[in-house]
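Required output: the full structure, derived from the provided sequences and hints.
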Amino acid sequence: MAISFRYKSVKRPDGSLVKSPSVPITMIGKSMRFDTAALIDSGADISAIPKDIAELIGLNLDKPVTSAYGIGGKVDSIQTTMNIILEKGHEKYDLILPVNVIMGKYDFPVLLGRTGFFDKFTILFDQKSGKIVLKRAQDLK
Amino acid sequence: MQKSYANYEYFIETPMEEFIGEWVVICEGKIVAHGRDVKEVVKKAQELQPNKKFMVVRVPDKEMMIF
Numbered sequence: 001m002a003i004s005f006r007y008k009s010v011k012r013p014d015g016s017l018v019k020s021p022s023v024p025i026t027m028i029g030k031s032m033r034f035d036t037a038a039l040i041d042s043g044a045d046i047s048a049i050p051k052d053i054a055e056l057i058g059l060n061l062d063k064p065v066t067s068a069y070g071i072g073g074k075v076d077s078i079q080t081t082m083n084i085i086l087e088k089g090h091e092k093y094d095l096i097l098p099v100n101v102i103m104g105k106y107d108f109p110v111l112l113g114r115t116g117f118f119d120k121f122t123i124l125f126d127q128k129s130g131k132i133v134l135k136r137a138q139d140l141k
Numbered sequence: 001m002q003k004s005y006a007n008y009e010y011f012i013e014t015p016m017e018e019f020i021g022e023w024v025v026i027c028e029g030k031i032v033a034h035g036r037d038v039k040e041v042v043k044k045a046q047e048l049q050p051n052k053k054f055m056v057v058r059v060p061d062k063e064m065m066i067f
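Protein chains in written order, with this note's numbering: chain E, 1 to 141; chain Z, 1 to 67.
If you are wondering where the hints come from, they were derived from the structure by calculation, not from laboratory data.
Possibly wrong hints are sitting among the right ones.
[Stated by the list, open to error] DSSO-like, lysine-lysine: derived pairs with alpha carbons at most 27 Å apart:
id, chain 1, residue 1, chain 2, residue 2
1, Z, Lys-53, E, Lys-51
2, Z, Lys-39, E, Lys-63
3, E, Lys-92, Z, Lys-30
4, E, Lys-30, Z, Lys-53
5, E, Lys-88, E, Lys-120
6, Z, Lys-53, Z, Lys-30
7, Z, Lys-52, E, Lys-92
8, Z, Lys-52, E, Lys-88
9, Z, Lys-53, Z, Lys-39
10, E, Lys-135, Z, Lys-39
11, Z, Lys-30, Z, Lys-52
12, Z, Lys-30, Z, Lys-43
13, E, Lys-51, Z, Lys-39
14, Z, Lys-30, E, Lys-74
15, Z, Lys-52, E, Lys-30
16, E, Lys-135, E, Lys-19
17, E, Lys-63, E, Lys-135
18, E, Lys-88, E, Lys-19
19, E, Lys-120, Z, Lys-44
20, Z, Lys-44, E, Lys-131
21, E, Lys-105, Z, Lys-43
[What the hints assert, rightly or not] Computed spacing ranges between beta-carbons, pair by pair:
id, chain 1, residue 1, chain 2, residue 2, range
22, E, Val-133, Z, Gln-49, 21 to 27 Å
23, Z, Ile-31, E, Pro-64, 20 to 26 Å
24, Z, Asp-61, E, Gly-130, 16 to 22 Å
25, E, Ser-67, Z, Pro-15, 33 to 39 Å
26, E, Pro-98, Z, Gln-49, 30 to 36 Å
Cβ atoms here follow ideal geometry from the backbone N, Cα and C, with glycine treated the same way.
Rendered as structure tokens:
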């Protein structure tokens, strides 16, 4: 079985149109749960979320601060896990993913990186049609 | 259609240019709060729409960091 989602298009002030592959997920923590649109980031080793989001849902941040590296440089981060639900129609996936919580005042959408997510699905980015298709990997229950 | 998926459809369908760089809360197919501080935006949405299921999205700005 496969589920598909449309890209989100946003027109920039300079008139350019940016299309991004996002999927609807429910984030679940000790304090609260809410839905969000998570950006699928094939270039990221691991998922990442801003500190404010981690604090809102009540993730366990009582862990050592380490460093995360990316195109934006080196930033302080805490590695923990987050529980997400991805569903559409009759398909529902309850996943626990490792995540880097980016400390400091950085604002960005929830990023779903490869570890723990890309091994659960075969993912097709159809840029031309503006669609992302996720097909369940054989071993995922 | 599931209520939560309706919020996502609204996000996909609706132009968000005026909210670039902001967090937006969508509840029952409409925007109920927006701003740059996600904690404040969620708090406002909870006050306006208590006990309702909502979707929190960030409209990426041009300088979004990639980790």
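Results of checking the hints against the structure:
| no. | hint | in the structure |
| --- | --- | --- |
| 1 | Z:Lys-53 with E:Lys-51 | holds, 22 Å |
| 2 | Z:Lys-39 with E:Lys-63 | holds, 22 Å |
| 3 | E:Lys-92 with Z:Lys-30 | holds, 25 Å |
| 4 | E:Lys-30 with Z:Lys-53 | holds, 17 Å |
| 5 | E:Lys-88 with E:Lys-120 | holds, 16 Å |
| 6 | Z:Lys-53 with Z:Lys-30 | holds, 12 Å |
| 7 | Z:Lys-52 with E:Lys-92 | holds, 21 Å |
| 8 | Z:Lys-52 with E:Lys-88 | holds, 20 Å |
| 9 | Z:Lys-53 with Z:Lys-39 | holds, 16 Å |
| 10 | E:Lys-135 with Z:Lys-39 | violated, 34 Å |
| 11 | Z:Lys-30 with Z:Lys-52 | holds, 12 Å |
| 12 | Z:Lys-30 with Z:Lys-43 | holds, 17 Å |
| 13 | E:Lys-51 with Z:Lys-39 | holds, 11 Å |
| 14 | Z:Lys-30 with E:Lys-74 | violated, 37 Å |
| 15 | Z:Lys-52 with E:Lys-30 | holds, 18 Å |
| 16 | E:Lys-135 with E:Lys-19 | holds, 21 Å |
| 17 | E:Lys-63 with E:Lys-135 | violated, 34 Å |
| 18 | E:Lys-88 with E:Lys-19 | holds, 21 Å |
| 19 | E:Lys-120 with Z:Lys-44 | violated, 36 Å |
| 20 | Z:Lys-44 with E:Lys-131 | violated, 33 Å |
| 21 | E:Lys-105 with Z:Lys-43 | holds, 18 Å |
| 22 | E:Val-133 with Z:Gln-49: 21 to 27 Å | violated, 33 Å |
| 23 | Z:Ile-31 with E:Pro-64: 20 to 26 Å | violated, 39 Å |
| 24 | Z:Asp-61 with E:Gly-130: 16 to 22 Å | holds, 21 Å |
| 25 | E:Ser-67 with Z:Pro-15: 33 to 39 Å | holds, 38 Å |
| 26 | E:Pro-98 with Z:Gln-49: 30 to 36 Å | holds, 32 Å |
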